[in-house]
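J.: Each chain is listed here by its residues.
Number of protein chains: 2
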Amino acid sequence: MVVDQKHANHDSELKPPFDFVGRDKGPYPIILATERLSDMDTLERVHAYWRAANYLAVGQIYLLDNPLLAEPLRPAHIKPRLLGHWGTTPGLNFCFAHLNRVIAERGQDMIYIAGPGHGGPAAVAHSWLEGSYTETYPAITQDAEGMRKLFRQFSFPGGIPSHVAPETPGSIHEGGELGYSLAHAYGAAFDNPDLVVACVIGDGEAETGPLAASWHSNKFLDPSRDGAVLPILHLNGYKIANPTILSRIPEPDLLNLLEGYGYRPHIVAGHDPAVMHGLMADTLDQVLDEIADFQAGRAARLPMIVLRTPKGWTGPREVDGRPVEGTWRSHQVPLAAVRDNPAHLALLEEWMRSYRPEELFDAEGRPVAEILQTVPAGPLRMSASPHANGGELLRPLVLPDFREYAVEVPEPGTATTEPTRVLGRFLRDVIAANPDTFRLMGPDETDSNRLSAVFEVTDRAWNAEILPVDENLAPGGRVMEVLSEHLCQGWLEGYLLTGRHGLFNCYEAFIHIVDAMFNQHAKWLDATRKIAWRRPVASLNYLLSSHVWRQDHNGFSHQDPGFLDVVVNKKASVVRVYLPPDANTLLSVGDHCLRSRDYVNVIVAGKQPVLDLFTMEEAIAHCTRGLGIVEWASNDAGAEPDVVLACAGDVPTLEVLAAAALLREHLPQLKVRVVNVVDLMRLQPPSEHPHGMPDAEFDAIFTPDKPVVFNFHGYPSLIHGLTYRRTGHDNIHVRGYKEEGTTTTPFDMAMLNDIDRYHLVMDVIDRVPGLRVEAAHLRQHMSDARLHARAHTRAYGEDTPEIRDWTWPGDM
Amino acid sequence: MVVDQKHANHDSELKPPFDFVGRDKGPYPIILATERLSDMDTLERVHAYWRAANYLAVGQIYLLDNPLLAEPLRPAHIKPRLLGHWGTTPGLNFCFAHLNRVIAERGQDMIYIAGPGHGGPAAVAHSWLEGSYTETYPAITQDAEGMRKLFRQFSFPGGIPSHVAPETPGSIHEGGELGYSLAHAYGAAFDNPDLVVACVIGDGEAETGPLAASWHSNKFLDPSRDGAVLPILHLNGYKIANPTILSRIPEPDLLNLLEGYGYRPHIVAGHDPAVMHGLMADTLDQVLDEIADFQAGRAARLPMIVLRTPKGWTGPREVDGRPVEGTWRSHQVPLAAVRDNPAHLALLEEWMRSYRPEELFDAEGRPVAEILQTVPAGPLRMSASPHANGGELLRPLVLPDFREYAVEVPEPGTATTEPTRVLGRFLRDVIAANPDTFRLMGPDETDSNRLSAVFEVTDRAWNAEILPVDENLAPGGRVMEVLSEHLCQGWLEGYLLTGRHGLFNCYEAFIHIVDAMFNQHAKWLDATRKIAWRRPVASLNYLLSSHVWRQDHNGFSHQDPGFLDVVVNKKASVVRVYLPPDANTLLSVGDHCLRSRDYVNVIVAGKQPVLDLFTMEEAIAHCTRGLGIVEWASNDAGAEPDVVLACAGDVPTLEVLAAAALLREHLPQLKVRVVNVVDLMRLQPPSEHPHGMPDAEFDAIFTPDKPVVFNFHGYPSLIHGLTYRRTGHDNIHVRGYKEEGTTTTPFDMAMLNDIDRYHLVMDVIDRVPGLRVEAAHLRQHMSDARLHARAHTRAYGEDTPEIRDWTWPGDM
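As you go down the protein sequences, you meet chains A and B in turn. Just so it is clear: in the first sequence, position 723 is 781 by my numbering, and no numbers are missing. Just so it is clear: in the second sequence, position 204 is 262 by my numbering, and no numbers are missing.
One chain only, chain A, in its complex shape (with noise of 0.2 Å):
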C-alpha cells in the first residue's frame, strides 16, 4: 500500500496535547505505513539509533556524571546551571538517523543543515554515535569515560557552545540568529552535482524574512549541474512561547504555499514513533526517487517533507501538572528544578531510563553494533562530510595575471577610469577560468555597478521562464542575481563554507541589510581559528560600489557608509577593509582578495569614472605598503611638511589631490604632503590588527606633530578609533560623511559634507601655524568658490565644468 504521504495524517488528529505513547510501553512494535519499505530490522535499529540520540542530548543537558545511569540519579550528578534546548532535538534526532538509513543504502552524499540548531545536543550525539567526535576530539573516547566528558563539557564553561557551532562536527552553519538555513542549503548545493543537502527547517524559522524568500532559491538551482536540496520543514508547533504560523494556518493553505514556492510536499505527521518511523522512511525513499528524477529532468520540482511531531517529543509529559510534551514549555529545560526537586530528579531519571540506555549502550558505554548499523561509512556519515569542512576541498582559483587588465597611466591624474568595468574584465576571466568553483553574487547589480563584461563568458542563473525579449540569462550562469541581499549572503557563506569561491557586489548603502549576517560568519571564521580540524576557506569579499559620494542623485536613503564600522567592530584577525582610488589598485586589491583565506574582505570602489592615479606597477607597490605618501602630488620632498592632506576613498582622494593643487598654486611655499590609505586597517597599531603599521613608521609618514586633515569615505569617527592610539592623533581632523544628504550634484554632495577642495583649503589654512593670516585672501576665494560652486547646480542642475572634468595640472 502505497500511501498518499501528503495528507497521510489529517491535521485534526495532530492537535497537542498529544497522546504520551512508546516509551512507557517497552519495545515499540514497528508498523510499516507502506509495503515498499519491509525491512522491519532496518526501521528497529533506526529507532534504536533514535532512542541512542536522544539519550545522549538529554545526558548534555543535565547530567555531571553517571552518564549510563549506572546508579540511581543523585543531585550531585546534575549539572548547576541547566542550559540548552530540548525542544526541537529529537525532532532532528529524527530526520539525522533516517537520512543516515538512506545515506547507507545508496551511498548517497550528503549534509545536514539543522535550521533549529539551538538543539545543539543533537549534532554532538551524531557526531559522538558516528566515531567523528573522537575522532576529532580524541579526549572524547567513545566510552562511559568520553560519554561523561561529552555531557559534562556541553554548555559548561570551557567547554563547547549549545547551540550547533563551528565546534561541531559536520556542520557549516551556527544554530545562534535564525533565518539562514535554507540559503545556506542552496550555497551548499551549488556545483556540487552529487550532493544532498537535507536542511531542517524550524517552524520559528520559518517566520524570518531571509527564510520566508529563501524557498524561491530554487529557482536559481540548474538540476543539471548543481546538487539537490531537501527542504524538511519541521512543525513542533511552537517558538520560545509561541504558537508558530505555519503550524497554525490551515492545512490546505500550507500545502498550497509551498507548491508555490515550487516544491512538491510531503507530509509525514504524527506522534507515535511506531508510525512514524515508517512513514519516514518511506517517504525520504520516494522524495530520494523524485529527487532523482528531479536532477535527470523526469520531474519539475524538488521535493521536500513536512514533518509535524510535537515539541519536545518523547520528553517529560506534564510536570508540575501543566503540560510540557507538545508545547512550548519543552522549549528549553522541560524539568528546571532537577537539583532541589526530588519529583523532577525522579522525573529526569524516569525520561532518560525510558530510551533503556542498556540496550544501547554496552558496560564500558560503547554504542553497541545494533544502533550502529544503519550509519554510513567514512566520509558519508554526514558528521564527517569533507562537505562541512570546506576548506578540506577548497582549491586555489586559477587566477589570471591581473597585471595585464592594467589602465595605462603615462600621466597621472589626467584621464579616468571605470575601475569596476575594469574589474569586470579580470573578473570575466576568473569566471572563464573557474567554471565550477566561483561565483558572483548580487541583488540585480552586476551590470548597474558595471561588471557587466561577466557576460560575455556567463550569465545569469535563471532557472524560471526565459522570453525572447531577456538578455543572459541560463539555468547555468556564473552570476546570481536576487533582489534579496540576504540570499546573496546566504548562498554565497554557503558555497564557501563548502570548499569554494565568490565575490558579492552590493550598492553600499544597502550592505547594512546583511549586518547580522556579517556578523555571524564573522564570528564563524574567528571561531574557526581556533579549531585546528577546521581547514582555511575562500574569504567572504564584498565589493561595495555606488557608494555614498555618488548616490547624489538617489539621495538620503541611498547614503550610507557605516558598514565599515560594523565591520571594523569584529575580530580583527578576520576583517579587511580596502578602500583602492583608481583602477589599478582595485585590480590589486581585488587579486589580493581572491587569493586570501578565512577573511571577510571589505573592497569599497566606485563605478562612475575616477581619474588614473597609479602605474600597475605603482599601484602594486603602493597596495602592498597599504597606505603611502603619492609623491607627484606633494611637494615636501626632502623637507618636513607643514600640513599632510591624508584620504581614503576615491572621491574623497580627488578631493585632496584638487586641494593639493590649489595649496600648491596659491601658496608654493607650503609643504604639503598627500597620503592616500588603501588598507584601513594599517592605520591601527600593531597590536591592534595584523595589518598595523608600527608607530615609527606611521609617525613617518603623518608626521608626530603636523596638521593632518584626512578626508575620509566614510564616518570620521572611525578614523579617530582607529588612530587615537597615534602619537599626532590630537592633531588629524577628519573629515567625512556626516548624514548630510539631499538629492544634488556630485560635488555638491561633497560640500554638503565639507570633504570638497574647497573646505579641506580653508581646513589646511585654519591648521598651520600662521597661515590663517597670511593665506586670508585665499580662504575668502575658496568659501566663495564654494557659494559660486552651489549657486551654479541650483541653476543648472549639473556641477560646473571645471570641477567636473578637473585633472591634475600638468605643470606642477
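The hints are simulated quantities; they were obtained by calculation from the structure and are not laboratory data. Errors might be hidden in some of the hints.
One copy or two, either will do: identical chains are not told apart, so a pair holds if it fits within one copy or between any two.
To be verified - Once the Cα atoms are required to be at most 27 Å apart in a straight line, the calculated DSSO-like pairs of lysine-lysine come out as:
1. Lys629 to Lys796
2. Lys796 to Lys588
3. Lys277 to Lys207
Note that the structure is a prediction, hence the values are computed from the model and not measured.
Assemble the complex: chain A is given as a structure, and chain B must be docked to it using the hints.
T.: For chain B alone, kept in the frame of chain A given last:
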C-alpha cells in the same frame, strides 16, 4: 456579466513585448468588462486622470521648461541629468487613479503605500493634481508656472528627492530601500478600524526577505478592531536588469502562493487600457466589498490584487531598435540621450503629446475639472490623509506615575531586582490605560525578557488557530510577537508614523537584523525635522535586553553590542542611547522615552537581577543629569580624586562598584571617584549632540588630567569616539566588549573581556602615578583572584558564591 477576475487574462497573453496599443489611436474606447460598473463617463474620467498623472511624471523626469508643450521641445527644455524611475510609475498611477474613484464613491478612508517608491514622480503628480501639493508647498501653484517648478525641482539640486520621501505629501514610506511596504501597511492598519491601507508591492521588492515574511501579517490583524490592508502585487516583470521571480513562475504557483499566505487573490492583467480600466474598476468594487465582509466576520480572508502590466506602460515602445516598453530597459529613463539626440527628443515629445495634455490642462495649466471629478475631497484625498502625517493625529499617552513602580532602596547596592520585570509592571498599566494607541512588539521574547506582567491585562495578538493548551493569545492582544525582527520593526514604524505609540523589545545581538531599517527610519526622522508640515510623531523605542554580558550561556553568536555604534552614526538630533544600571533608573528612562517625540531611543537594560543602586528620587536626578558621580561609592568628597572609575551599562557598573570597594578596602588612602553614565550622548560635546555636556562640566566630573578607567557595555572604540574632543581624552582608558566570547558563566564572560573588578583594580594600579610600586602585592593578589575565579567556573560550572552574591559592603 461578472467575469472570473482571478483568471481574467490568460498568462500567455501577457508576455512582453506587448502589443503597443492605445495612445496613438485617439481617445480610448472604454470597454467595460462587467455590467456592474456601467458608468462609462466615470471610467473616461479615471482614464483622463491617469493620462494627466503619467504626463506629469514624464515631465518631472525630463523637463526644465515648456511644461505644457506650448512650443516644440528643444534641448534647452531638457534637464542636463536625467534621473528618476519611469518603469513602475504608470502602474502606480493606474492604481492611484482607480483607488480615488472608490474612495470618492464610498467615502472610504484610505492611504496609499508605494512599495516601488522609487517611482517618486507618481506620488508627486497625484499630490499636485489633488491640490495638496500646492497647499503644502504654496510656491508650486496649480498652473503652468507651478507645473514648470514642479518639473524642474524633481531630483534637481535644491529640489526634491526622486523617490517617494518624507517630503512627499501622503506618504509614510520611503521608496529607497525595498522590502518594508507591506509591514508598514499593516502597522498603519492596526487599531485603525475605518482605514484601508492600499499597498502596492513591486515584484522586485517581493523578492526581499522582509516582504516575503510580511504576507503573514494577516495572522496578527483583528478584523473587528483593526483596519484592512489591500495588497496590490504589481507584476511588471522586471527589476533593474533581470526578470522577477513572481512574474515568471507559473500562474497556478503564484495563486497557490498567495492563497497559501491566506489571501483571496484577484488578477487584473493586460496592457490595453481600454480593457484594463474596466477590469480594475470592477475588481476594486469587488475587493472593497470583500473587505467589508471580512471586517464583518462574513469572510475569513482579506482579498488582494495581482496587477500585471507592462513595465514602462504607455512609454516608448522601442528606442534605437530595441524593445523598451515591457522590458527592464524602461526601469529608469527610457530615452537617455534626449538633449543630444534629435530622434530621442522627437520620441519624447511624441510620447508626452500622446497623453494629449491639451485635453487635461487648461490654457493656464490648471487641471481641467473633468479629470478632478473622481478625486475625493479634503482629508479623503490620499495625498492629504492625516494618517500619513501621523503627528496630526497623535495623542499623548496616558501614563501612570512611574514613581509608583519604584523599588525601595534603603541601602544602595545591597538588594537585587530584575529591572525589566519592574518595567513590565509599568508597561502593563501603560497598555491598560491606552488600549488603542500603544503596542509592544518583540520577536517571541516578551516573556523571556521578563516583561510578563503585561499579560495580566492583555494577550498576544493572534488571529490564527488557538488551542486549549495555549496561553495569552487573542485576536485583540496588544503584544505582537513574531519571529521576525523585520516585521516587529516594520509594523512599529507603520504604527508610529500614523500617530500611535510603541516599544520594541529584542535580544541585543539580534537587533542588528534591522540595522538597515533603523537607518532608514532615522533618516526619515532627520528629514522630517526640516519639513515644517510634518508634525512630530512618537519616538521609536527599543528595549534591548538579554544583552551581551548575560549571553554567557548562549555563547558567541548571541554576543554583540554593536547596534549602539550603528545608532550613534546617525544624526545627533534624532538618536538617544540610555544604559540605566538598575530598576529605578530604567523606570525613569522608560517614562522619558515614551513621552518623547521624533527620536529613536535605545535603552539597554538587563533582565537578570542587578543591584538596586538608586532610590527613585536619586534615579530621577541621575537620569536627568544623564551622568554623575555616585557619591556613596566614591571617597573623594572635598578632594581631587586620584582616579575616576566610570561605567555605563548594568554589568560594567556592578564590576566598577566591586572594583571601587576593593580599592577602598585595600588602598584606603586612594581617592576614588565613581561616575555612572546613563545617557551616553552626554559624553559628546554640545556641538556634536544636543545632550552633550559642556566641557567645563565634563572636566569637573572626569577631571582634565586624572586617569579615567571607563568600563563600558559596548565596544570600547565608541567611548573613544564620543570623548575624543574632551580635554582629558588621552587619559581615558576604556574596557568593553572585544569579541572574546564563548559559552561560560557571567563573571567569566566579564573576565574574558577584562571588564571584571580584578582587572579594573589592576588598571587603576597601572595608571595612578606611584601606585604600581605601592600596590604591587595587591596587583598580584587581583591576578590570583581572577585565576581562582576562572578555575572555579571550570570545576563547578558556575561562579563562586562570593562573586555571584556580592553586594556593596555596608561598612564603607
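J.: Hint by hint, note whether the structure agrees.
T.: Going down the list of hints, with the structure as the test:
1. Lys629 to Lys796: both (26 Å within a copy, 8 Å between copies)
2. Lys796 to Lys588: between (38 Å within a copy, 16 Å between copies)
3. Lys277 to Lys207: neither (45 Å within a copy, 46 Å between copies)
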